[in-house]
Each structure stands twice: as structure tokens, then as C-alpha cells.
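Residue numbers (the numbering used here), protein chains in the order written: chain A, 21 to 356; chain B, 576 to 850; chain C, 280 to 603.
Check the hints yourself; a few may be wrong.
[Stated by the list, open to error] Restraint-style ranges between C-beta atoms, simulated for each label pair: (1) A:Glu-205 x B:Ala-579: 42 to 48 Å; (2) C:Thr-400 x A:Lys-194: 36 to 42 Å; (3) B:Lys-607 x C:Thr-482: 45 to 51 Å; (4) B:Lys-607 x A:Glu-274: 20 to 26 Å; (5) B:Pro-739 x A:Glu-94: 34 to 40 Å.
[What the hints assert, rightly or not] Cβ-to-Cβ under 7 Å is the rule here; a few derived chain B residues that face chain A: (6) Gly-628; (7) Val-651; (8) Val-818; (9) Cys-821; (10) Gly-827.
Read the hints as simulated data drawn from the structure, not as lab findings. Don't be surprised by glycine CBs; every beta carbon is placed ideally from N, CA and C.
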Amino acid sequence: MKKLLLKEKWPELWALLAHEGPLYLPVEEGSVVLYQLWQEGVKVNLEAVNSTVSPKDIFLPREETYLRYSCQGEMLDLEDVESDEPIIAFALHPCDLKAIEMIDRVFLNQDPPDALYKKRRENTTVVALACRQPDPYCFCGVFGIDPTDAPGADVMAYLTEKGLLLEEQTAKGKILLEKAAPLLEVEADETNITVDVKTQDFGLQVEGLPEDLQERFNDPVWDDLFRSCLGCGICTYVCPTCYCFDVEDYGHEEGGERFRCWDSCMFGHFTQMAGGHNPRPSRKERVRQRFMHKLCYYPETYGEIACVGCGRCLRSCPVNLDIVQAIKALGGEKVG
Amino acid sequence: MGKANPLMPQTVTVLDITTETPDVKTLRVAGKEGIPFDFMPGQCAMLSVPPVGEAIFSITSSPHCRDCLEFSIKRVGDVSGVLHELVSGRQLGIRGPYGNGFPVDEMKGKDLLFIGGGIGLAPLRSLIGYCFANREEYGHIDIVYGARSPADLVRKSEIGETWPEQPDSTVYLTVDAEFPDWSGHVGFVPSYVSELAFTPENRIAVTCGPPIMIKFVLQALEKLNFAPEHVITTLEMRMKCGVGKCGRCNLGSVYVCKDGPVFSLAQLNELPSEY
Amino acid sequence: MEEQISEQTVKVKKAVSQDLLGGRIDLLLGWEKGHYWWQSRPLFARSEKDLERLVWDSFCAVNLSRYLQDELKENKKIGVLVKGCDARAFNRLLQDRIVERERVILYGLPCPGMLDYARLTEEGGSDLEGIIEQDGTVILQTKEENKEMPREELLLARCRNCMHPDPVVYDQMLFTPLGDRERPEHFKAVEELERLSADERYTYWEKELSRCLRCYACRQVCPYCSCLECFVEQKSPRWQGRAYQPSENFMFHLVRAYHGTGRCIDCGECERVCPVGIPLMELNRKLIKDINELYGHYEAGLDPEQEPPLLTYRPDDPAAFSEK
Chain A
21 MKKLLLKEKW
31 PELWALLAHE
41 GPLYLPVEEG
51 SVVLYQLWQE
61 GVKVNLEAVN
71 STVSPKDIFL
81 PREETYLRYS
91 CQGEMLDLED
101 VESDEPIIAF
111 ALHPCDLKAI
121 EMIDRVFLNQ
131 DPPDALYKKR
141 RENTTVVALA
151 CRQPDPYCFC
161 GVFGIDPTDA
171 PGADVMAYLT
181 EKGLLLEEQT
191 AKGKILLEKA
201 APLLEVEADE
211 TNITVDVKTQ
221 DFGLQVEGLP
231 EDLQERFNDP
241 VWDDLFRSCL
251 GCGICTYVCP
261 TCYCFDVEDY
271 GHEEGGERFR
281 CWDSCMFGHF
291 TQMAGGHNPR
301 PSRKERVRQR
311 FMHKLCYYPE
321 TYGEIACVGC
331 GRCLRSCPVN
341 LDIVQAIKAL
351 GGEKVG
Chain B
576 MGKANPLMPQ
586 TVTVLDITTE
596 TPDVKTLRVA
606 GKEGIPFDFM
616 PGQCAMLSVP
626 PVGEAIFSIT
636 SSPHCRDCLE
646 FSIKRVGDVS
656 GVLHELVSGR
666 QLGIRGPYGN
676 GFPVDEMKGK
686 DLLFIGGGIG
696 LAPLRSLIGY
706 CFANREEYGH
716 IDIVYGARSP
726 ADLVRKSEIG
736 ETWPEQPDST
746 VYLTVDAEFP
756 DWSGHVGFVP
766 SYVSELAFTP
776 ENRIAVTCGP
786 PIMIKFVLQA
796 LEKLNFAPEH
806 VITTLEMRMK
816 CGVGKCGRCN
826 LGSVYVCKDG
836 PVFSLAQLNE
846 LPSEY
Chain C
280 MEEQISEQTV
290 KVKKAVSQDL
300 LGGRIDLLLG
310 WEKGHYWWQS
320 RPLFARSEKD
330 LERLVWDSFC
340 AVNLSRYLQD
350 ELKENKKIGV
360 LVKGCDARAF
370 NRLLQDRIVE
380 RERVILYGLP
390 CPGMLDYARL
400 TEEGGSDLEG
410 IIEQDGTVIL
420 QTKEENKEMP
430 REELLLARCR
440 NCMHPDPVVY
450 DQMLFTPLGD
460 RERPEHFKAV
470 EELERLSADE
480 RYTYWEKELS
490 RCLRCYACRQ
500 VCPYCSCLEC
510 FVEQKSPRWQ
520 GRAYQPSENF
530 MFHLVRAYHG
540 TGRCIDCGEC
550 ERVCPVGIPL
560 MELNRKLIKD
570 INELYGHYEA
580 GLDPEQEPPL
590 LTYRPDDPAA
600 FSEK
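Here chain A stands alone, though its shape is the one from the complex (with noise of 0.2 Å):
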């Protein structure tokens, strides 16, 4: 049974869950939206399709500070940080989600589970908007993405005229809506609240790729695709799939925090060694890392590619290598 928060509600919604733990929401900041913790006064968007850069930040942070050290003499004392707080995610869209389920393959079911990312998740209620109009950019169906539906939320949000019907999914979210209970109508008016999303598919035909690419690792594409390759991290940052992280202190001698934080294998130094070896010596290495790893490496591994066809690196790749060219350019396209 769906239920109804009026528009007018809904900054009294945001104030209420907000009172509850950190709330992240798209939040409007000049021409770029993000999820960022809300706060008075700040521009929520819900009809924004894509943020800027992803949410997986909500559940893997730029930066996180797990432990605290202190040196004195020849003592070292380092010390667990951690974090209990209940956040709420909001309005996560479908494609964002099965991305993060394709993180959680990674963080959660290969051992060891990261402890940071899981107490994170598991601290997380989220809640999902379906989509109603695809961005320009967004290819999701080409990877069997329902932009409609996010079986993994907690609760599942569909925007309309009056504004946003409320269906928990789970148990955690029953709780959610229970806290929102106050607020919301429970008539609601379901009509045309799930409308058929077509996203074009650039003619994109993936089925078998992951397969025929791992015979490629030194085929001639690599000695050209990676040339406009500024180098830059953009598409590894806005990338819902991406993970890569690095770990680094921040303090002096006596004390200070070490905090791991995204990284990304566009860089020359992520695989440069301490004496100076690198086995990625060149943009064409760190390219074909990137896309070997998102089409053939990962689906390896589990058995999907690692791109839901959010269109970020469509959007913010200065020079438009994103991963459409990438697909294109290893013969990923329909015939005909």
C-alpha cells in the first residue's frame, strides 16, 4: 500500500528524518546536483535523473578516517574509529542501487568483508525513486536496468503531480515510514506512477563481450583508444561502479588519523611502485585497465559487466572516451 507525501510536506519530511541520523539527498549547488547531507536552506532536487557524481559516496566516502594514532617515545597507540549513526539515503535511482549492489559483490561477499562499507550499509535505510524521464545521457537498459523499479531499497519512492508516493520494502523501511507516518496521506493516487522509461541504447549489443575481451588484453584497439585520454580522474569519480581507494595518514609524529579515500587507475602513481617500477606505465596501460576491468575482468568474476549505463562519464568525460566509445570501439554493437 502506497502512501502519499504531499509536496508541501516535503521539507518537513527532510527536517524529520534528518532529526533521526545524517540524510542524504540530491541537493542542487549552481550547475551540479549531489547527495549531500541536508541541511536548512539547501535546494533539494528530485527531478534531477543523474547526480553529478554518484552516491556511492553515501556508503563509500571520499574519505573515511578509520583509526587514530599516538606516538609517544617508543609507544605507538592506534585506536579503532567508528561510526554507529543510522543515515538515510534518499532518492536513489535504480541504476545507482544495482550499482552498488555490484560494489557490495566485492566489499561485502568476498573475504574478508570491509568492516567500514559493511557497518555503512547496514546502518543505511534507503530509500529509492523510480524514474520517469530518462536523461539524455542514460543507456540503463542496455544492461537490463527497470528504471522504475530498485528491488534492493528499503522503501520505493515514485515522484507524481502531487508528489511522492512512499511503499516500504522492508523491514527497515516499514520503520521509516512509520517515523513519516504523521506526515503522510494514506489515500493515494496511483494512477500512471510507473511510465514505460525507454533509454536509447547507441546501439550497444554487450551480450558475449566480456568473453571475446578476454582473449584482447593486447589487441590493436588499446594502441588508439586511449589517446584523447586526458589522464584525469573524472570518469573513475563520477562512476557509481568504480571503488578504487587508497590509504593515507594525515597528522604529525605525535598523532594524527589514517583515513583511506577514493584513488583512481587513471593515475600514473595508483601502480607506481616504491623503487620506481610501474606495470602501468602509460595512458594506454591505465585505459584499458578501466574498461578491461568494467567488461571483462569484473564480469569474470561475477558474472556481469560493471557499468549500469548511468551516462556520468557520457556527461563529464571532457574529451568523450566514456564507456559507450570504449564498448563501440571493442565491436560491442548490434550487426546491421
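Once you have looked at the hints, place chains B and C on chain A.
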């Protein structure tokens, strides 16, 4: 709680530091109750000294040594640099063990040929110690070890005295060029291996050293008709997590930190040659 | 204008194909269409077949001279299509001895400014289907009705501030130069920031820079960021930490801007590529303005023979830091 987070180190104390060569030192470290964790030869550990950071090193000691872990470390970067400067009594962070380790069970009953170069002896030394501790399980043991100069040979008392005295084993040492104080063999490790003409029958070769040495050792062993399944090496990559998540040490879909660092030549032949 | 642009594309193709097919150059750096009508991406053309894809239209924003640093390692002689800003970028690389002049052939393209898709959809809606260009106006084609707008209002921010649309260095100018432009509002945003108090400015930049992902796209496209090793990656000492702290954000952006003082050619590529919309040109223009005020008017990239002010010394140079 620390155990739950695989990135969380524990502390160990430096027992002593020995200078092996101008750029290699051996650290012996221990927790309150000896070794901080059990491990197998060929596995690695992350050592950290804040605020400089963490780096991964192979464990040099044999698992039979319960009092402490040993790390023979070459000074190449920030972390190895600060480790060289530590003094006994100082605490540092450690987590591990990481990686698959050498296939000590598959090696049982076989003659063994260890081929090391320079600091590449570090992981081999753990395995050699393990094999000597379980002497009856293994056949004849040959150790070929070389370095640029006599001064660059590490673990001198072991390669010069302890190992040659072990039953049914031979140690062959070599240096790259003539030196006044060196009366032993002169020449690169790969050509010494060819010269010694080891037979492949019932023998497993394990090699570790600089990439260029490994490359030519593999070629030499191929010429001596060693089957790729019987040639084992261990790889080095930049690593940050040690548990197959941070994304930088993969060869195709295989992660060196987790699925390696030990691979047979047969396995490597199936993987992208990105190392 | 669409027709006219196509004619221009034909003319560009004709000019470069003689040189490429005749072997005068080994590689031509140009543009081709991306997936969308509003995207044109770099083209690395080596053959007649490659050249078929060449395009010169209102979306060729990417500065191609940035690729010379790497491509000259593999090619003897390279042809590059250059707009006004790209030509100034080339001079920058020349001045930094990153490229050798005699190994590059520059085809000059007087540039009317590149269109901004974000502006187009702002005016025409997100379901904008296409545009038609006619003599300085753009017709936005939407599902319902067409909307006509002055072209000037739909340009990328960087192009709205461009004073030198014509290439200042070239081997062959392909079209009639457009002439320099007055931009009275060039320093407007900087002047507004200057009027704020130091605390207000700090708050402003702390917020803007808080979005920084440290993707380094600004650095990677920048013609003044041609250092073989950037301070960001240097390890001993380690200048730049990876933490997403205000101090580290300021460290990166301020040090980069200072490194560009007197060297920034005012092309605005950094701002165009920034995925999170940080107004980086406000930092760069502040330093351009300061240089102008302290050492006399100077525009980097216009003349490779003219020494950048911070690379020369005159006894009467003002000592601004010690005076204040």
C-alpha cells in the same frame, strides 16, 4: 573490534635491527606474545609507521620461529626509509598475513631448486627455513643466490654457514662482477643456473628477485625443460589494502595481494603480462 | 550557420588532407562528432578514412595542442587545428620548451566561440532536439516550438570572456580573422570578490572548493600545467595530502594558481572541464589582474618572445609583498 576491520593494524615492537647490506636491513618484530599472527612462507604483511604510512613486505622468517617476525627490507621508498631509521624498542603497526604463500604441500617429496637475486631472498628465506625445519618431507635442496656485489648479498651467515651445513643441500653463490674480496663464482644468476644444468626430473624451481632477473631465470629454466607447472615465482605490486579491494594489484581478474603473490609459470602464462 | 559550418568543415578537410596524405605531417589533431550533436571530441587522424570524420563546428571546445607533449614522442611532424585559445596554449608550450615549433603545423581557425550545452538546455529545455545556427543567432529546436536566441548568450563561459578569437600563431589561416574583442566584464567576478572581506572570501572559497573531487582534470587540460612531475605527486617532501580537508583543497588550488601566475593564457579550459563547477577562472583571473596592476598589462600566450613578468627582473619592480 580491531579484528573486524581488516585495515586495522595491531602494534608490534622492534626487537632489533641488523644491517645486511648498504641498503638492506633486517627488522625483528614481536607482539606481547611473540608473533602477532600465524602465517605460511611467501605471505606478506603491511607494516606502518604513522604519519609516513603503510607498505607491504614479505615475511622473511620461517613460520617455525614463534618468537618474532623478521623482515629483510631494502630501502626504496618512504615507508622502507622510515623503517630503516627505527631503533629497537620502537613500536610500529602491522596487519596480515596476506596472500597465498608457497605451495609447500605440492612441493613435498620433490627436489627443490631455489633461485634468488638480491633482496629477492627475503620471501625465499622463509620457505627455505620452512623446508629445512621439515627436512624429511623434501628431497635434495639446491640454493642459487646472487647479488650485484659481495656487499649486496643478504643473510650472509645463513648463505655462508647455516644452509651449506644442512643435510643433502648445496648452496651456490654468485656476484655480477669481479671483486677483490670475492673468490667465488662471477656471473649473473640466470647464466649460473644454465651453467649448473639442473635437471627438471622430480624438481620444483622457486625463484624471486628483480623483474629482469626473473625474466631470464624463467627463460633459462624453460631451456632446461622445466615444465611451467614446476616453476614458481612471487610477484611484487603496489598494494594498499592487502585484501583484494583497493584495486591496484590485479592481473586480469586475479589480485596479487590475495590470489598471489605466489604463482606458477603456468598460471602466469594465462594472465595478462602486466607486471 | 549550420550549412556554413559544414562548408567550413569541407574547407578544413581540404586544407589538411593535402598535408596529411602528401606526407608533410604524420598525424592531424582535429575533432570528430561524439555520441551527441552537442559533443565534438578529439580526432587523431592518420589516413583519408580518418579524415572523413573530421568536423569543425560549435562544439569543438577541446584544446588539441595539449596532446602535442605526448604525441611528438611518437610522430615526427604533427598538424593541429587551433582556435584562438589553442594557439595561445601552443605559445605557452613553446615558451616552456615543451614543443618544437618546426615539428608542428598549425592550421588557424578564427573562432566565434563554442556553444554551451548547459546554456542551450537552460533556454530550450532538457528535451532540446537540436539547433540551427544563422548569422549570429541560434534557433533552439524543441518538441513544441523553436526559440531564437543571440549566439553570444549561449556560449561557454570561457568564450563569453574571450578577447582573442583569432589564432596568434599559425602556419596557415583557414578563414578570415574575426578581430579582437572588448570584454568590459572580464574582471567583473574578480572585482566582486575583491569587495568582500577576507573572511567572506575564505568562506566563499571553502564552500566552492569543498566540492573538489581531486580528479585533477583542471591540471590535465591546462596548457600551463606542463610540468613532467607535478608537486601533487612529489613524495619527498610530500606537499599535497589526499585528505578532503579545506587545507588540502586550498593547498592544491592556490599552489596551482600561483604556478600559473603570469603564465595562465585565460583559456578557461579548467573551468569547462571541472565536473563539479568550481569557478577556477576567478582564481586565475585574480592573478592576471594583479599582474596587470603590478607589472603593467600582460597577456600570456600572445607573444612567445615576450618574457613573462615573473621571469624577468627590473630594478623598479614593485615589491608588493614587503610594502603591505
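Status of each hint after checking the structure:
1. Checked against the hint of 42 to 48 Å, the C-beta distance between A:Glu-205 and B:Ala-579 comes to roughly 43 Å, which is consistent with it.
2. Range check, C:Thr-400 to A:Lys-194: Cβ separation about 39 Å, and the 36 to 42 Å hint holds.
3. Between B:Lys-607 and C:Thr-482 the beta carbons are some 50 Å apart, a value that agrees with the proposed interval 45 to 51 Å.
4. Taken as a hint, the range 20 to 26 Å holds for the pair B:Lys-607 and A:Glu-274, whose Cβ atoms sit roughly 23 Å apart.
5. Restraint check, B:Pro-739 to A:Glu-94: a C-beta distance of roughly 38 Å satisfies the suggested window 34 to 40 Å.
6. Among the interface hints, the one on B:Gly-628 holds; its C-beta lies about 5 Å from the nearest C-beta in chain A, closer than the 7 Å criterion.
7. Annotation: interface hint on B:Val-651 holds; nearest CB of chain A at approximately 4 Å, less than 7 Å.
8. Here the hint on B:Val-818 is kept, as its CB sits about 6 Å from the closest CB of chain A, short of 7 Å.
9. With a cut of 7 Å, the hint placing B:Cys-821 at the interface with chain A holds, because the nearest CB-to-CB distance is about 5 Å.
10. Proximity of B:Gly-827 to chain A holds as hinted, the smallest CB-CB distance being about 6 Å (cut-off 7 Å).
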